[in-house]
Amino acid sequence: KAGVTQTPRYLIKTRGQQVTLSCSPISGHRSVSWYQQTPGQGLQFLFEYFSETQRNKGNFPGRFSGRQFSNSRSEMNVSTLELGDSALYLCASALGGLWYFGPGTRLTVT
Amino acid sequence: AQTVTQSQPEMSVQEAETVTLSCTYDTSENNYYLFWYKQPPSRQMILVIRQEAYKQQNATENRFSVNFQKAAKSFSLKISDSQLGDTAMYFCAFTHFGNEKLTFGTGTRLTIIP
Chain W
1 KAGVTQTPRY
11 LIKTRGQQVT
21 LSCSPISGHR
31 SVSWYQQTPG
41 QGLQFLFEYF
51 SETQRNKGNF
61 PGRFSGRQFS
71 NSRSEMNVST
81 LELGDSALYL
91 CASALGGLWY
101 FGPGTRLTVT
Chain Z
1 AQTVTQSQPE
11 MSVQEAETVT
21 LSCTYDTSEN
31 NYYLFWYKQP
41 PSRQMILVIR
51 QEAYKQQNAT
61 ENRFSVNFQK
71 AAKSFSLKIS
81 DSQLGDTAMY
91 FCAFTHFGNE
101 KLTFGTGTRL
111 TIIP
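Each protein sequence line maps, in turn, to chains W and Z.
Just so you know, we're using the numbering used here here: the first sequence kicks off at 1 and counts up by one.
Just so you know, we're using the numbering used here here: the second sequence kicks off at 1 and counts up by one.
These are calculated hints, taken from the structure and not from any lab test.
Just so you know, even glycine gets a beta-carbon here, dropped at the ideal spot from N, CA and C.
Among the hints, erroneous ones may be present.
Dumping the calculated DSSO-like pairs for lysine-lysine here, alpha-carbon to alpha-carbon at most 30 Å [said to hold, decoys possible]:
#	chain 1	residue 1	chain 2	residue 2
1	Z	Lys70	Z	Lys55
2	W	Lys1	Z	Lys73
3	Z	Lys70	W	Lys1
4	Z	Lys78	W	Lys57
5	Z	Lys55	W	Lys1
6	W	Lys1	W	Lys57
7	Z	Lys55	Z	Lys73
8	Z	Lys55	Z	Lys78
9	W	Lys13	W	Lys57
Among the chain Z residues that face chain W by a calculated CB cut under 10 Å, a handful are [stated by the list, open to error]:
#	residue
10	Tyr25
11	Asp26
12	Phe68
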């Protein structure tokens, strides 16, 4: 089976812009979750979707949002980008208590 | 609140030696999963091993094994016959059964010295 894929892999944006990141889970996995990884804060949970419903959300401002489509693919959106949003954004798909991660999207905000 | 603590920010070991990474966690629940993930310089997060809390037997995956001490809330990873490709950040992670999110420790940077 193909693994979790994320696009784009690298992104450079300017402060104030918005960005959309995409994640395709492993075939058959309906749970998709997102994590932000920074040197200062480590790995932090953003949100999780299952069958197009957000089941859990981390402690992030409303500028961070997401959605899941009927084919389980997920997108996350960050509006009004701030310098502190520069991070590696990891997507994971889960089934049976196992989480598999994608390669991540490296977002740089200038 | 669930917390995961990795007290060793960095470790290094000679190739072919054995190394043990430490992790402790805090929870009031009884049913949960524990994981070790490896993140090499490529940044891809790779699942190394999973332990189910209800299982007394320690999980093993080839050269990787865990020492799960439920009462002490300790979950260490042992890497035997270490290889250069084992050089990476290692994260301990935790989740309750039925939960949808992983809680990660701060990681241990492991360097295998040729």
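### Query
Quick one, are Lys1/W and Lys73/Z close enough, alpha carbons at most 30 Å?
violated, 35 Å
### Task
For the pair we were handed, Lys78/Z and Lys57/W, check the Cα-Cα distance against 30 Å.
Violated. Lys78/Z to Lys57/W sits at ~33 Å, over the 30 Å cutoff.
### Query
Going straight from one Cα to the other, do Lys55/Z and Lys73/Z come out at no more than 30 Å?
Judged against 30 Å, a Cα distance of about 14 Å means the pair holds.
### Query
If you draw a straight line from the CA of Lys55/Z to the CA of Lys78/Z, is it 30 Å or shorter?
holds, 18 Å
### Task
With a cut-off of 30 Å on the C-alpha distance, tell me whether Lys1/W and Lys57/W pass.
Given pair Lys1/W, Lys57/W holds - Cα atoms ~28 Å apart, limit 30 Å.
### Query
Is it true that the CA of Lys70/Z sits at most 30 Å from the CA of Lys55/Z?
Satisfied, since the Cα-Cα distance of roughly 10 Å is no more than 30 Å.
#### Entry: Distance restraint between Lys13/W and Lys57/W, which requires alpha-carbon spacing of 30 Å or less
Since the Cα atoms of Lys13/W and Lys57/W sit roughly 24 Å apart, the hinted pair holds (cutoff 30 Å).
### Task
Measure nothing beyond the straight line between the CA atoms of Lys55/Z and Lys1/W; if it is 30 Å or shorter, mark the hint as holding.
Distance of about 28 Å is within 30 Å: holds.
### Query
Are the Cα atoms of Lys70/Z and Lys1/W separated by 30 Å or less?
violated, 34 Å
### Message
Would the hint on Asp26/Z be counted as holding, given a Cβ-Cβ threshold of 10 Å to chain W?
### Response
violated, 16 Å
### Interface hint outcome for Tyr25/Z [beta carbon to chain W under 10 Å]
Status violated, d = 15 Å.
### Task
Go through the hint on Phe68/Z and say holds or violated, using the shortest Cβ distance to chain W against 10 Å.
Constraint on Phe68/Z not satisfied, violated at 15 Å.
In summary, the structure is inconsistent with hints 2, 3, 4, 10, 11 and 12 from the numbered list given earlier, while agreeing with the others.
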